[in-house]
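Can you make the complete structure from the sequences, with help from the hints?
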Amino acid sequence: MTMPLEIITLPCLSDNYAFLIHNPDSGETALVDAPEAGAIKAALEERGWGLDWILLTHHHWDHVDGVAELREAYGAKVTGAEADAHRLPDLDLAVKDGGTFTLLGEEVQVMDVSGHTVGHIAYYLPGADAVFTADSLMALGCGRLFEGTPQQMWASLSRLAALPPQTMVYSGHEYTQSNGAFAATVDPGNPALQDRIRDIASAREKGDPTVPSSLQLELGTNPFLRAGDSAIRAHLGMEDADDAEVFAEIRRRKDNF
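If you count by my numbering, then the sequence shown holds residues 1234 to 1490, one letter each, in order.
Calculated from the structure, these hints are not laboratory results.
It should be emphasised that the depicted structure is a prediction, and the values quoted were computed from it without experimental measurement.
The hints are all genuine.
Simulated pairs of lysine to any residue, SDA-like, Cα-Cα distance not exceeding 20 Å:
| hint | residue 1 | residue 2 |
| --- | --- | --- |
| 1 | K1487 | T1418 |
| 2 | K1310 | S1259 |
| 3 | K1329 | Q1385 |
| 4 | K1329 | A1318 |
| 5 | K1487 | G1422 |
| 6 | K1487 | L1469 |
| 7 | K1274 | T1242 |
Below, the structure written as structure tokens:
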């Protein structure tokens, strides 16, 4: 009987996450994003694992800084977006939107989720019900638009929102508590959001991560996926706006929160 992939949420730096994906049958291990080498090496050594692949989502330093040291220590191969190759560490495998490849025996689908940066990608593993979204779709939030437009980010989030609701969303930062405080200002009448805010507070008091989260939970509580919601639109006074315009207003308010 084939065992399912093991996915480890690994805190790095002050509020980043990296993710180890391990196939217990083959013994192979992959890493999604490399904010720093030390914490990742310690986690691998604790488990007696090597490192075969590093998957990069985008070029920001807090997602790539550990690549060189990890590559040297383990001989890991590096995957990233072809469109972003000019500003990523050297890639062994360059991938693009709509492409697929096999990782640890599982199919991986590549999704362009530009917005936070242009060229940002997500990795969707349908067989594992997992999507690695880094700074695109985040727990109760989405990444700040450093390079892309609101229309780009809304299109990216809409693609992610169309994945099966049981998909677990592995995002790149522990921002969920502050995201919840903001979400309550634009979706104040949402009882599911209030329940989630209480659950987040309890988890953080115990030092537990709030990542991953299910897509179903995000669809019910994350305002950045809910631009079509009538209560949010009424609260914003934007009943007749299109969804991308409502999203842009929510993002603008979050930037100033």
